[in-house]
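As they're listed, the protein sequences go chains Z and L. Going by numbering that gives the first Met the number 0, the first sequence opens with residue 0, and the numbers climb by one from there. Going by numbering that gives the first Met the number 0, the second sequence opens with residue 0, and the numbers climb by one from there.
What the hints contain is simulated information worked out from the structure, not anything from laboratory work. Warning: the hint list may mix true and false statements.
[Said to hold, decoys possible] Below 25 Å or equal to it, Euclidean Cα-Cα: the simulated SDA-like pairs (lysine to any residue) are:
(1) Z/K118 with L/I47
(2) Z/K25 with L/A136
(3) Z/K118 with L/E18
(4) L/K161 with Z/V93
(5) Z/K80 with L/V85
(6) Z/K80 with L/A167
(7) Z/K118 with L/N46
(8) Z/K80 with Z/E69
(9) Z/K118 with L/A60
(10) Z/K80 with L/P23
(11) L/K161 with Z/V85
(12) Z/K25 with L/V80
(13) Z/K118 with L/R159
(14) Z/K80 with L/G170
(15) L/K161 with Z/A121
(16) Z/K80 with L/E128
(17) Z/K25 with L/E81
(18) Z/K80 with L/S124
(19) Z/K118 with L/E128
(20) L/K161 with Z/V87
(21) Z/K118 with L/A99
(22) L/K161 with Z/S103
(23) Z/K25 with L/V85
(24) L/K161 with L/I3
(25) L/K161 with Z/E146
(26) Z/K25 with L/A99
(27) Z/K164 with Z/P91
(28) Z/K80 with L/L123
(29) L/K82 with Z/E24
(30) Z/K80 with L/N46
(31) Z/K25 with L/S96
[Stated by the list, open to error] Stretches of chain L that chain Z covers, calculated by requiring three or more beta carbons in the stretch to come under 8 Å of a beta carbon on chain Z:
(32) 31-39
(33) 127-140
[Stated by the list, open to error] Label pairs and their computed distance ranges (CB to CB):
(34) Z/D169 with L/M0: 47 to 53 Å
(35) Z/P30 with L/S86: 20 to 26 Å
(36) L/T87 with Z/P91: 55 to 61 Å
Ideal Cβ positions, reconstructed from N, Cα and C, are used throughout, including at glycine.
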Amino acid sequence: MGKNHPNVDEYVVSRVRALESLLLEKGLLAPDAVDRVISRYESSTGPMLGARAVARAWRDAAYRRRLLGESAAALGDLGMKYDRLVVVENTPAVHNMVVCTLCSCYPWDVMGLPPTWYKTPAYRSRAVSEPRTVLAEFGVTIPAEREVRVWDSSAELRYMVLPLKPAGADTLDEEALARHVTREALIGVAEVRLPTA
Amino acid sequence: MDGIHDLGGMHGFGPVEREENEPPFHAPWEAAVVAMMRASRGGGVFNIDEFRHSIERMAPAEYLRSTYYERWLDGITRLLVEKGVVSTAELAARTESFLAPPATASSTVRPASAPAGGGSPADLSFFREPSTPPRFAVGEAVVTRHVHRTGHTRLPRYARGKRGEIAAHRGGHVFPDTNAHGRGEQPQHVYGVRFDARELWGEAAEPNAHVYLDLWESYLLPA
Chain Z
0 MGKNHPNVDE YVVSRVRALE SLLLEKGLLA PDAVDRVISR YESSTGPMLG
50 ARAVARAWRD AAYRRRLLGE SAAALGDLGM KYDRLVVVEN TPAVHNMVVC
100 TLCSCYPWDV MGLPPTWYKT PAYRSRAVSE PRTVLAEFGV TIPAEREVRV
150 WDSSAELRYM VLPLKPAGAD TLDEEALARH VTREALIGVA EVRLPTA
Chain L
0 MDGIHDLGGM HGFGPVEREE NEPPFHAPWE AAVVAMMRAS RGGGVFNIDE
50 FRHSIERMAP AEYLRSTYYE RWLDGITRLL VEKGVVSTAE LAARTESFLA
100 PPATASSTVR PASAPAGGGS PADLSFFREP STPPRFAVGE AVVTRHVHRT
150 GHTRLPRYAR GKRGEIAAHR GGHVFPDTNA HGRGEQPQHV YGVRFDAREL
200 WGEAAEPNAH VYLDLWESYL LPA
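Okay, chain Z solo, but in the shape it has when bound (with noise of 0.2 Å):
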């Protein structure tokens, strides 16, 4: 019996099993572990929380410019311990994108759990090399006269994007005006837009 078990979820599934049986009886495992971390990740950390961040930054330009400068401090505002965020800002002339080509470093305690797709090899791939092509099979498109920023997270650091206030910002409050911040444009592969009145 092995991977080349017929039924590969079945054999992977019970490989889990026999690991975190052994691990829980060895002491290595405390014996909530698997349910803090699902709790955790369904319901109390998610892209809520970069998503908060950014909604306060585009109203309050000092908490912006900490967002950017002192991001442990302006996470801290938020109730959030994290260390080790860079906050990286779109503009009129730099659009920003988030990458980790080695395996597939993500901001988990601000953004949550990466999509799939993050951690596939078609975006680890290209994200590097084309990011414009990438952007457009995102449908954002970005005029070649505004620079990309690819940020690749090679080391511990973690890398999110500020994006572009969008038109219509002012009306909102910062919760409202966060649930239009998708993870999407946390990672930098989507502009946030808002419903029309």
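Fit chain L to the given chain Z structure using the hints.
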């Protein structure tokens, strides 16, 4: 190492396929893999650099065939076996017991007598003060080393022997190339380095594009 994990700039993987309304986890076993990785790191069984290098050591074809959390499972298992926490034989036997009906195996699971803590974020911090002052200043021109080491490194193939500019000093960090191999943390200064797409991709480069990498000081030489 020049492994399959080092994907930047490779061709042939096709368009980026997306899933609408993707859930955080597709199955509970994925969360169990995350929990085991965290517990192993928090419990000091292995560090993040050993973990990444363990995944890099997967056979290339298997790496590409596997899902993300299958790669994690493979990386965790290899290290737990190498470090003697579990044996290949006991893992195989236990896996069999879960595969074989009737499923009585769950009765063998006993609660841990002394569950390990999750490890606080401070325990896992990678910031360290190097013993030497920074060698490079923001704005300085640098060239990356052209090396092909067989061990772990965070200098991707596509950015070796390339000219760039120091864009930021990122502080002192644990050095993955030694920390992945039990040779200590040996902290170094890390710099954000800006590369022109034309330097990296030549004539194939898209217009007006730059790639930024965070690189350890010993990857860099004055240009």
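Tested hints:
| no. | hint | in the structure |
| --- | --- | --- |
| 1 | Z/K118 with L/I47 | 18 Å, holds |
| 2 | Z/K25 with L/A136 | 49 Å, violated |
| 3 | Z/K118 with L/E18 | 12 Å, holds |
| 4 | L/K161 with Z/V93 | 23 Å, holds |
| 5 | Z/K80 with L/V85 | 34 Å, violated |
| 6 | Z/K80 with L/A167 | 23 Å, holds |
| 7 | Z/K118 with L/N46 | 21 Å, holds |
| 8 | Z/K80 with Z/E69 | 13 Å, holds |
| 9 | Z/K118 with L/A60 | 16 Å, holds |
| 10 | Z/K80 with L/P23 | 21 Å, holds |
| 11 | L/K161 with Z/V85 | 24 Å, holds |
| 12 | Z/K25 with L/V80 | 14 Å, holds |
| 13 | Z/K118 with L/R159 | 23 Å, holds |
| 14 | Z/K80 with L/G170 | 19 Å, holds |
| 15 | L/K161 with Z/A121 | 23 Å, holds |
| 16 | Z/K80 with L/E128 | 21 Å, holds |
| 17 | Z/K25 with L/E81 | 16 Å, holds |
| 18 | Z/K80 with L/S124 | 12 Å, holds |
| 19 | Z/K118 with L/E128 | 32 Å, violated |
| 20 | L/K161 with Z/V87 | 24 Å, holds |
| 21 | Z/K118 with L/A99 | 33 Å, violated |
| 22 | L/K161 with Z/S103 | 23 Å, holds |
| 23 | Z/K25 with L/V85 | 9 Å, holds |
| 24 | L/K161 with L/I3 | 21 Å, holds |
| 25 | L/K161 with Z/E146 | 20 Å, holds |
| 26 | Z/K25 with L/A99 | 23 Å, holds |
| 27 | Z/K164 with Z/P91 | 10 Å, holds |
| 28 | Z/K80 with L/L123 | 13 Å, holds |
| 29 | L/K82 with Z/E24 | 17 Å, holds |
| 30 | Z/K80 with L/N46 | 21 Å, holds |
| 31 | Z/K25 with L/S96 | 18 Å, holds |
| 32 | 31-39 | holds (count 8) |
| 33 | 127-140 | violated (count 0) |
| 34 | Z/D169 with L/M0: 47 to 53 Å | 51 Å, holds |
| 35 | Z/P30 with L/S86: 20 to 26 Å | 23 Å, holds |
| 36 | L/T87 with Z/P91: 55 to 61 Å | 58 Å, holds |
Of the numbered hints stated above, those contradicted by the structure are hints 2, 5, 19, 21, 33, listed in ascending order.
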